[in-house]
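Just so you know, the protein sequences line up as chains F and U, in that order.
FYI, our numbering numbers position 70 of the first sequence as 70, with every residue one higher than the one before it.
One gets our numbering by counting positions in the second sequence from 1 and adding 1000 to each.
To be clear, the hints were calculated from the coordinates, so they are not data collected in a lab.
One or more of the hints may lead you astray.
Chain U stretches covered by chain F per the calculated footprint, using a threshold of three residues with CB under 8 angstroms from any CB of chain F [unchecked claim]:
hint: 1; region: 1001-1014
hint: 2; region: 1050-1060
hint: 3; region: 1076-1087
hint: 4; region: 1100-1114
hint: 5; region: 1142-1150
Using C-beta positions, here's what the derived DEER-type ranges look like [said to hold, decoys possible]:
hint: 6; chain 1: U; residue 1: G1009; chain 2: F; residue 2: A4; range: 53 to 61 angstroms
hint: 7; chain 1: U; residue 1: T1136; chain 2: F; residue 2: R88; range: 53 to 61 angstroms
hint: 8; chain 1: F; residue 1: S241; chain 2: U; residue 2: T1136; range: 46 to 54 angstroms
hint: 9; chain 1: F; residue 1: D7; chain 2: U; residue 2: S1153; range: 29 to 37 angstroms
hint: 10; chain 1: U; residue 1: I1037; chain 2: F; residue 2: S12; range: 26 to 34 angstroms
hint: 11; chain 1: U; residue 1: T1120; chain 2: F; residue 2: A47; range: 43 to 51 angstroms
hint: 12; chain 1: U; residue 1: D1082; chain 2: F; residue 2: A4; range: 43 to 51 angstroms
hint: 13; chain 1: F; residue 1: K221; chain 2: U; residue 2: E1126; range: 32 to 40 angstroms
hint: 14; chain 1: U; residue 1: E1126; chain 2: F; residue 2: E23; range: 42 to 50 angstroms
hint: 15; chain 1: F; residue 1: P176; chain 2: U; residue 2: S1153; range: 40 to 48 angstroms
Glycine included, each C-beta is placed from N, C-alpha and C at the ideal position.
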Amino acid sequence: MIPAQFDYVAASSIAQALELLAEHGEDAKVLAGGHSLLPMMKLRLAAPEVLVDITGVPGLRGIMQDGDEIVIGATTRHADVASSSLIRSDAPLLGHAASLVGDPQIRHRGTIGGSIAHADPAADLPMAIIALGARLELTGPDGTRMVAADDFFTGYFETALAECELLTAIRVPRRPDEPWGYQKFVRRANDWAIVGVAATGGRIALANMGPTPLRATAAEKSLAAGNDPYQAAELAAEGTSPASDIHADPDYRRHLARVLTARALTGQR
Amino acid sequence: MRVELTVNGEARSDEVEPRLLLVHYLREVCGLRAANIGCDTTSCGACTVLLDGESVKSCTVLTAQAAGSQVTTAEGLASNGDLHPVQAAFRAEHGLQCGFCTPGMVMATVSLLAENQNPTEQEVREGLEGNLCRCTGYHNIVRAVLAAAAANSEGTG
């Protein structure tokens, strides 16, 4: 399969990338690892006229500590997130999530920013950053703004990113001693979650239980009220609207959400 | 657009369409046919090559994205007529049946062993999860990878 024709520009700075996005509007797409975008282009589900490759932009790739946060550049690859000793010690849930994305080849190319901006509700990293209470740094022509992961995912494959904005960094709170659990229910190797649950610090995030990754707020409240993980997990599917597909119908997904939440809340991964 | 890159140690400069996938570039422009097009959807791994030493699925990389990089295909593994240790191990352990997945399996193995010199059997199976064998000949493939790892550690130890 061959994508429709497009122009390719390797941006050399954030400013140049933003100019190109402003110039071409919705005809342009940002390219990083390309492991979500290129498959869509090959299927002609996407046919941008201009690809703005940001992988060569200095300063967008890397992992560093900044006070109580870990700052991860948007074009940092899954393999680098998964193998980072800082992330493994201070935000282990994120390292674990990155190690479950696709397969080794995909993790050598795919980027954390690309995965989050793509906003697949079944994907690992959007769920992980919601569970961790991460903040996202969005850079536009007027500067940088911070958006909570909770507010970033606005619809099915839709985000708070404006048309001429770039996701430039992900800021994750450092919580080295916080217990965590992670559950990803799949039928095939290297697949997306049929249902996923990530839990840490009293927060519970669900994957593939609606058009966006979301919080299991009723279960979180139950937990905060002092109920045990199994009682809280009974409420994990409250307020969700899971879809039906060849893998699972909505009732089965709700069942999975309850079972997997109990496992995640008891630290299983 | 003009793309400059190194393929199996040879510096190249070619005029390509931006949409030309790396696997098509390797097969049709360079004439290197080891990387196979299997699923064409980033699943099967038959098109696996090394990009700057790391395994990637070349059906999901634009040639333009490989500009300035070193690409290695199965054709580039042997040196002076001697098979690469991973190739030799696949041959010795009969780590193939029909052979379609083999170039991708071999390249994924080279990358895996670069990251983990002495993997356990479980780590080999997980490390090759991005490569599908349509003959389901996984046992001998895993055996070949473990043999290659053992041969490497003997060679360096």
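Any hints this thing doesn't respect? Which numbers, in order? 1, 3, 5, 6, 7, 8, 9, 15
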